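Once you have looked at the hints, place chain B on chain A.
Next come the chains, spelled out residue by residue.
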Amino acid sequence: MIIEKIFDHISNWKKVWFGLIFLGSIISAVLQKFNLVGDSHYILVFAFGAGALIGFVAKIRGVWL
Amino acid sequence: MRESPEIAAEFSFEKEKAIAKSFSQRFQWEMILIGLGQAAIWLSLWPLVLNGSLDLWMGFIIAILCACFAYLPSHEAQHGNYSRGNPKLRWLDGFVGHITLITLLYPYHILRVTHMKHHAYTNNPEKDPDYLNAHSSSVLKVIKNVLDGSSTDFGKYLEVYSTDKAFVNSFEKAIPIALLYRFTLLVLVIIFPLETLFLWWLPAKIGTVYTTVFFSYYPHVGTSTGRYKDTSFWSHWMPRYLNHSMQLHFVHHLHPSIGHFDEPKAIETLKPFLVARGVPGADEIPDTITHNPLIKFS
Chain A
74 MIIEKIFDHI SNWKKVWFGL IFLGSIISAV LQKFNLVGDS HYILVFAFGA
124 GALIGFVAKI RGVWL
Chain B
2 MRESPEIAAE FSFEKEKAIA KSFSQRFQWE MILIGLGQAA IWLSLWPLVL
52 NGSLDLWMGF IIAILCACFA YLPSHEAQHG NYSRGNPKLR WLDGFVGHIT
102 LITLLYPYHI LRVTHMKHHA YTNNPEKDPD YLNAHSSSVL KVIKNVLDGS
152 STDFGKYLEV YSTDKAFVNS FEKAIPIALL YRFTLLVLVI IFPLETLFLW
202 WLPAKIGTVY TTVFFSYYPH VGTSTGRYKD TSFWSHWMPR YLNHSMQLHF
252 VHHLHPSIGH FDEPKAIETL KPFLVARGVP GADEIPDTIT HNPLIKFS
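Chain order of the listed sequences is A and B. Here the first sequence is numbered in the working numbering, starting from 74 and rising by one per residue. Here the second sequence is numbered in the working numbering, starting from 2 and rising by one per residue.
Pulled out of the complex, with its shape left as it was, chain A reads as follows (with noise of 0.2 Å):
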């Protein structure tokens, strides 16, 4: 019962985890790499809310394209 939970939750949030996770490590790393935000102590934040939104935008279409 408690796996089948997880595999609705996955199949039904799968998008914004990814965005969120995927998405916003990569984002954080390219901003950092590249120093485009200085060193602001947001830039965790902006990085990994960016991805979450994406994520949470593709869920909403359906699609990520």
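Hints were generated in silico from the structure; no laboratory data involved. Quick caveat, the model's predicted, so the values are computed rather than measured. Among these hints, one or two may not hold up.
Claimed, not checked - With a Cα cut of at most 25 Å, we get these calculated SDA-like pairs of lysine to any residue:
id, chain 1, residue 1, chain 2, residue 2
1, A, K87, B, E196
2, B, K118, B, V169
3, B, K142, A, I133
4, B, K145, B, M239
5, B, K272, B, H245
6, B, K145, A, I133
To be verified - Per label pair, the in silico range of CB-to-CB distance:
id, chain 1, residue 1, chain 2, residue 2, range
7, A, H82, B, I8, 49 to 59 Å
8, B, G38, A, F119, 37 to 47 Å
9, B, P88, A, R134, 41 to 51 Å
10, A, W86, B, L148, 41 to 51 Å
11, B, K89, A, F119, 54 to 64 Å
12, A, L126, B, S138, 46 to 56 Å
Glycine included, each C-beta is placed from N, C-alpha and C at the ideal position.
Chain B only, in chain A's frame:
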């Protein structure tokens, strides 16, 4: 198979099958080498890039090449072309099939069962898992479908084949592998974000686009249903070694047990049979398929 009355006895299915069988005996060592070789090279990119011995951009280019070579060795495994019916060698099909697909981030079990259904129901809009790819309006549309993940709507086919126990079992076997891939990707991207992007995720996407365009779209676009009508001979501006000789994919649909590197010789021998059967484009097949006679110049 019931013969159509207009097919001459010299082109009977039995004769065609006997010729095909003569090209279906050889051990496919090249494909094993390519499959395990690309996986080993791809894996070695990680320590080389992470310890600074190899530039990330060079690693990215090599990873793309590995990803483009990753599917075909698994494809041979899906058809059991390494074991060739020998139960003692069946492990080899699974071993090569699984290992080579790591680069592409796909579980072998899912690709195997969906590919078998693609062969059984080629161009059937409801039952062919490759239908969306094969009948897209353009190459760009195929690329978009692959990139946004809608080209592999496996969930839909789990519903279509929900009463097929073997199909469902294979899906269930693939789920832990698919989750392991996703979990590994998400852990790696936190620790090594740009390396994960350029050594795995992007190459896997590019390799999947390449595979889908040349294996699914070009051989099947514009074709219909039926054993001799569902795949066509086609030509392309690209030399055939760069597109895995997929111009010859139609003979694979007729006789999947013919090894990939034996297909050119098999086609030369089978050409009269293919012309007699009206395989789309068969009359344009060159008499000798050597290096690059399949290039489209205009």
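Could you tell me which of the numbered hints above are not met by this structure, giving the numbers in increasing order? The structure conflicts with hints 10, 12, although it agrees with all the remaining ones.
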